[in-house]
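Asker: Same order as they appear, the protein sequences are chains F and H.
The opening position of the first sequence corresponds to residue 1 in the numbering used here, with each subsequent residue numbered one higher.
The opening position of the second sequence corresponds to residue 1 in the numbering used here, with each subsequent residue numbered one higher.
Any given hint could be a false lead.
[To be verified] Ranges between beta-carbon positions, derived for each pair:
(1) Leu-271/H <-> Pro-222/F: 37 to 45 Å
(2) Ala-251/H <-> Ala-231/F: 40 to 48 Å
(3) Thr-138/H <-> Tyr-96/F: 47 to 55 Å
(4) Glu-265/H <-> Gly-185/F: 41 to 49 Å
(5) Ala-231/F <-> Trp-222/H: 53 to 61 Å
(6) Val-108/H <-> Ala-231/F: 32 to 40 Å
(7) Tyr-96/F <-> His-264/H: 19 to 27 Å
(8) Val-186/H <-> Asp-211/F: 32 to 40 Å
(9) Lys-92/F <-> Ala-218/H: 50 to 58 Å
(10) Arg-210/F <-> Val-108/H: 45 to 53 Å
[To be verified] Below, computed lysine-lysine pairings styled on DSBU-like, alpha-carbon distance capped at 30 Å:
(11) Lys-123/F <-> Lys-216/F
(12) Lys-169/F <-> Lys-127/H
(13) Lys-133/F <-> Lys-169/F
(14) Lys-162/F <-> Lys-200/F
(15) Lys-216/F <-> Lys-92/F
(16) Lys-200/F <-> Lys-123/F
(17) Lys-162/F <-> Lys-86/F
(18) Lys-162/F <-> Lys-123/F
(19) Lys-86/F <-> Lys-339/H
(20) Lys-86/F <-> Lys-54/F
(21) Lys-86/F <-> Lys-169/F
(22) Lys-123/F <-> Lys-86/F
(23) Lys-133/F <-> Lys-379/H
(24) Lys-92/F <-> Lys-54/F
(25) Lys-54/F <-> Lys-339/H
(26) Lys-127/H <-> Lys-123/F
(27) Lys-54/F <-> Lys-216/F
(28) Lys-339/H <-> Lys-92/F
(29) Lys-54/F <-> Lys-200/F
(30) Lys-339/H <-> Lys-200/F
Since the hints were derived computationally from the structure, they do not count as laboratory data.
Quantities reported herein were computed from a predicted structural model and do not represent experimental measurements.
In this text, a Cβ means the ideal position worked out from N, Cα and C, and glycines have one as well.
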Amino acid sequence: MSLDRRQFLRWGAAAAAGAALAPGIRLIELAQARSPQEAASALQRWGLLIDITKCTDCDVCVTACHEENGVTGHGRPETDAQWIRKVHLRDKRTGYAQTLPFMCQHCEHPPCVDVCPTGASFKRDDGIVLVDKHTCIGCRYCVMACPYGARSFIHETVSGQKADAPRGKGTVESCTLCVHRVDRGETPACVQACNRDGGKAMVFGDLNDRDSAIHKRLRTEPSSQVRPDLALNTGVRYQGL
Amino acid sequence: MARTHYSEIEGRSPGFYALLSGLGALILAGLGAAWYMEHNGHYVTGMSNRIVWGVPHVFAVFLIVAASGVLNVASIASVFGRDLYKPLARLSGLLALTLLAGGLAVLVLDLGRPERMIVAMTHYNFKSIFAWNIFLYTGFYAVVALYLWTMFERRMNDYSKPAGLFAFVWRLVLTTGTGSIFGFLVAREPYNSALLAPLFIVMSFSYGLAIFVLVLMAACRWSGRALGDVVLNRLRNLLGVFVATVLYFVAVYHLTNLYIARQHEVERFMLWDGGIYPALFWIGQVLIGGILPLALLFGIASRRATAGAAACVIAGGLAQVYVLIIGGQAYPQLMFPEKEVSSSFFDGVVAAYAPSLPEVALSAGGVALALALTAVALKVLPFLPRSLADGDVGSAAA
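Could you put the whole structure together from the sequences, leaning on the hints where they help?
Answerer: What follows is the structure in structure tokens.
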């Protein structure tokens, strides 16, 4: 193939333009990514999809979560905090047994946020439900209001805290969806552990993003929420329930 | 009608100081318990992640509900124009303030972070019924204080009817707010009913009047003031009506649930096989708090029977609030219908709870605070009529 002068100039100009524009386009991409200083955006809604047909008897998700967030017990199961737990189900009629990881369901309309008198329980624009440790007065009304029993009250002095997961006696806490990891562009610790050492049952992603794996799965496969009758539109969804 | 004369109680007798000392000791024990719980954390109590509200909340809710109800006596006088109740109105207003103080003290001292009350006063989420209640409770103080002023200050007497009406409406809203703390909770099957708001209002009528009757009888007896049968019989009949109304609302609440298939399990738990809770319901709430007082009030016309009935109403009322608050949490939350549920976090099982000494001490401290404030106020200001003898109030009885 031979190029005449006119063609050479045309291709050359196109290549030069591409070289000039590409970094700019890349910059736009970078500019659209969230910086640590930037507030969470309602353009995203973070969620989890858990396929309980793949969930085995292991508890790597629980261990990983509590390690990541420095949630340690005092050997008092009634008062020790649990951010995520394995729930075992057995059908009352048939005896069919299942197990699943269960945690804060990150509702779109969270009852814990509704009842909190000081606004310490809050939902980020991207759907993550959190507790502001500075304004929680420890009234436990959110624990009363949560339909999923997902919250823990810190009953005694805590030690070994992680910098990313502040905790304090006399306040309430629950799964943060590993918000510190999500903000760094990573997946929650439970999901990472499940996919590495467990049954690969958990998918994390943006429920609003049509191109995300979680959105594709929810679009094409059956799934359900726990207590859908409450119309809370949970961010955590289950398959095989 | 002769003008009612009020006077302070003398408050110098050894009995008065013994009473204050006893109450003071209980208040100190309550403060000590609060410090102990705050210092160690709530693991030293009987409360847990499944029973987050325990005995302190039972007493706090009881006292707050009773506080709004005890004002009823004053409301009957100024809003509904019953002159017989007018001499009782000041004491009614006083008890409304002191019972609320006792209840709120317990509630606040049980918080995980009681030192953060300033946060609760400066950060509001107006969708929270708790946040409304902060305004309703503090507003109640202002409204009742104003109402008392219109009663005490002769030049303001003409305004006592509108002030009383305002206080009456305020207290109805307040008790609705207290009932709605539970009524608006969708997460728990035993709550989640609009009926809880009116139920709390009739409970307040009943508990408040029972406390009023006992305090009035004790105050008149210990300060040597006459308390005639006319006043007492009227209060006795009224208490009987209130007790019966509470029983009616409780019956409607349970019958509604019994009719709804998905509520059958809850009713079975609360009324039959829930261990301590059905026992407290039938023996405490219904028998001691309902049937026995009705028999005493309408069957035996004696002062001792009236006082006994009032004491039964208080005991039964505490049982009722215990069953509601703690039984309501003990019953496992329904998350997976038709499944047996188990986990390391006590899902699917009845949560265990045993009241601990610090909780009981804090609760008793709140009651003692309310009574001590009442005793001191009676000594400082003329809340109590010099005489409630039949001749002094009888002309107004018609």
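Asker: Please name the hints from earlier in the document that this structure breaks, with their numbers sorted from lowest to highest.
Answerer: Hints 2, 15 and 23 not satisfied by this model.
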